[in-house]
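Engineer: As a plain string of letters, each chain reads:
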Amino acid sequence: MGGKHKEWMTLMSVFGTVGLHMCSSIFIGVGIGYYLDHKVFDDKTSPWLTLIFLAFGIVAGFKNLYQLSKRKDL
Amino acid sequence: MAHPILFISVILQALGLPVPHTLVGETLLAKLVSPHLTYTWLVMAILIIMPKLTLGKLELVPNGRQNFWEVCVGGLETYMTDQMGPQRAAMMFPMIATFAFYILVANLMGLMPGFMSPTSNLNITLGMTLIVWVTHHILGLKYHGIKYINHFTGPMPALIPLMLPIEIISNLARVLSLSIRLFGNIMAKETLLAILFMLYGAFFGPLPILCLGVLVSVVQTMVFVLLSILYCQGAMEHAH
Chain G
1 MGGKHKEWMT LMSVFGTVGL HMCSSIFIGV GIGYYLDHKV FDDKTSPWLT LIFLAFGIVA
61 GFKNLYQLSK RKDL
Chain V
1 MAHPILFISV ILQALGLPVP HTLVGETLLA KLVSPHLTYT WLVMAILIIM PKLTLGKLEL
61 VPNGRQNFWE VCVGGLETYM TDQMGPQRAA MMFPMIATFA FYILVANLMG LMPGFMSPTS
121 NLNITLGMTL IVWVTHHILG LKYHGIKYIN HFTGPMPALI PLMLPIEIIS NLARVLSLSI
181 RLFGNIMAKE TLLAILFMLY GAFFGPLPIL CLGVLVSVVQ TMVFVLLSIL YCQGAMEHAH
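Note that the protein sequences, when read in sequence, are chains G and V.
For the first sequence, position 55 matches number 55 in the numbering used here, and the numbering has no gaps at all.
For the second sequence, position 173 matches number 173 in the numbering used here, and the numbering has no gaps at all.
Simulated pairs of lysine-lysine, BS3-like, Cα-Cα distance not exceeding 27 Å: (1) G:63 <-> V:147; (2) G:70 <-> G:6; (3) V:147 <-> G:70.
No wet-lab data here; the hints were simulated from the structure.
Please work from the sequences and hints to get the whole structure.
Structural biologist: Below, the structure written as structure tokens:
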């Protein structure tokens with residue numbers, strides 16, 4: 001394996017997984033919010049924590065995209 | 001849908017063991033003989049017995065069989081050394097190499113009729129992912145101590161209340177994405193093969209999917225291993 005081939009493999013494994021990482025960030029955010037709403041606070045805060053953590057999840061997904069677009073080493 | 005014939009399950013059923021027809025059985029014995037677990041043991045047996053058979057004793061000038069293992073192990077180790085330096089690579093190598101060989105053999109085994117991939121069950125991939133996830137946090141705590149929290153606080157102190165939940169969600173998403181990717185790809189391959197085999201197995205219908213299955217197996221192994229290396233390396237680096 002040459003150096004270029006290895007670099008290509010790393011790039012592919014990082015950037016090939018961007019989409020799934022973004023959508024799992026959103027699901028994790030919604031999951032945390034749903035758990036806090038319905039299990040911890042007993043529906044008293046519903047639906048606000050779900051929405052807030054949905055926003056956090058979306059921002060986390062996009063932050064990951066932004067960081068990947070800013071990488072200098074790859 | 002027709003139930004695929006798995007030869008270990010057939011043998012165990014002939015022995016009178018309660019092999020479950022769903023994914024996971026109810027009693028402990030039924031859980032122990034469920035297909036993904038028995039095929040995991042088969043992969044373990046292959047990985048233990050095959051090097052024993054092919055590697056009698058190591059020689060300085062390798063012959064054919066030793067060459068094969070040297071290429072497999074050496075290629076992975078060279079890659080890890082390039083990524084994280086020789087000392088850390090030597091520390092991480094046993095775990096990562098175990099994952100690499102296990103996932104590769106498990107993925108490729110599902111291409112044979114009568115076998116299934118243990119990795120087409122979410123429990124197996126989630127278990128492996130949790131091991132990687134816990135390990136990279138332990139490594140981060142070991143290398144940075146309490147300052148490991150700097151990885152999660154973002155660039156400036158004023159943004160900590162905003163960045164902390166975002167970073168934690170982003171980190172938890174690694175568990176989900178890493179496990180679901182491997183599980184989804186391999187389960188798709190298995191299901192597609194089963195359906196095509198049922199529809200026109202007599203006319204070599206699954207053949208193109210078998211070729212693609214080899215590609216998917218190797219690529220998913222590579223992705224899992226490289227991402228675990230990158231996560232562990234990112235936890236050991238300084239926060240930027």
